[in-house]
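Peer 1: Sequence:
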Amino acid sequence: MASTPTPPSSGMQNNMAGALSYITIVGLIFLFIEPYKSNRFVRFHAFQSIFFAVGWVVLWIAFIILSVVLGFISHGLAACITIPMWLILGLGLFIVWIILIFKAYNNQEWKLPVIGNLAAKQAGN
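Here the numbering used here is used: the sequence shown runs in plain steps of one and ends on residue 109.
Check each hint, because a few of them may be wrong.
To be verified - Cut-off 25 Å, straight-line C-alpha distance, at most; resulting in silico cross-link-like pairs (SDA-like, lysine to any residue):
| no. | residue 1 | residue 2 |
| --- | --- | --- |
| 1 | Lys105 | Ala37 |
| 2 | Lys105 | Arg24 |
| 3 | Lys21 | Ala46 |
| 4 | Lys95 | Ala46 |
| 5 | Lys105 | Trp94 |
| 6 | Lys21 | Ile7 |
| 7 | Lys21 | Gly76 |
| 8 | Lys21 | Gly108 |
What the hints assert, rightly or not - Restraint-style ranges between C-beta atoms, simulated for each label pair:
| no. | residue 1 | residue 2 | range |
| --- | --- | --- | --- |
| 9 | Ala63 | Ser22 | 45 to 53 Å |
| 10 | Leu96 | Ile49 | 22 to 30 Å |
| 11 | Ile9 | Cys64 | 31 to 39 Å |
| 12 | Lys95 | Phe47 | 37 to 45 Å |
| 13 | Leu43 | Ile13 | 18 to 26 Å |
| 14 | Leu54 | Pro19 | 44 to 52 Å |
| 15 | Gly55 | Val10 | 35 to 43 Å |
It is worth saying that the hints were derived from the structure and are not from the lab.
Note that beta-carbon positions come from the ideal geometry of N, C-alpha and C, so glycine has one too.
Using the sequences and the hints, build the whole thing.
Peer 2: Spelled out as structure tokens, the structure:
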């Protein structure tokens, strides 16, 4: 007896796609492929991921400039302050990133203060 083939699935579930969107390149891909590009939940998380990554880079660049300026002003003594601040900033951003992934996986739209509203507007809300 021949077994009947199972119909192809329509892709992964929205919560998994939303969580994977926080890997920035995956979020970009989800904005261009079906069925995710037309799904508001996945689009929201993809846009929030992109805006979060851009904000993270801008924050790091600003902090590098601040560290260099403080280093010149204090003749290198600012390293005692800026190195722990680098670690705290990096850890804080990493924790926010993990929370975003966790919330997306639990089917929640957790909006970050500024970029969450931008992401919702881009997603079609």
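Peer 1: All hints, please: hold or fail.
Peer 2: Structure-based check of each hint:
1. Lys105 x Ala37: OK: Lys105 and Ala37 at ~18 Å, within 25 Å.
2. Lys105 x Arg24: 10 Å, holds
3. Lys21 x Ala46: 33 Å, violated
4. Lys95 x Ala46: Holds, because 23 Å separates the two Cα atoms, which is no more than 25 Å.
5. Lys105 x Trp94: Holds, at about 14 Å.
6. Lys21 x Ile7: 16 Å, holds
7. Lys21 x Gly76: Given pair Lys21, Gly76 is violated - Cα atoms ~30 Å apart, limit 25 Å.
8. Lys21 x Gly108: Distance of about 11 Å is within 25 Å: holds.
9. Ala63 x Ser22: 45 to 53 Å: 50 Å, holds
10. Leu96 x Ile49: 22 to 30 Å: Holds, since Leu96 and Ile49 (Cβ atoms, about 23 Å apart) stay within the stated range.
11. Ile9 x Cys64: 31 to 39 Å: Because 37 Å falls inside the window, the suggested range holds.
12. Lys95 x Phe47: 37 to 45 Å: 24 Å, violated
13. Leu43 x Ile13: 18 to 26 Å: 25 Å, holds
14. Leu54 x Pro19: 44 to 52 Å: With a Cβ separation near 49 Å, Leu54 and Pro19 satisfy 44 to 52 Å, so the hint holds.
15. Gly55 x Val10: 35 to 43 Å: Given a distance of about 37 Å, which is inside 35 to 43 Å, the answer is holds.
In summary, the structure is inconsistent with hints 3, 7, 12 from the numbered list given earlier, while agreeing with the others.
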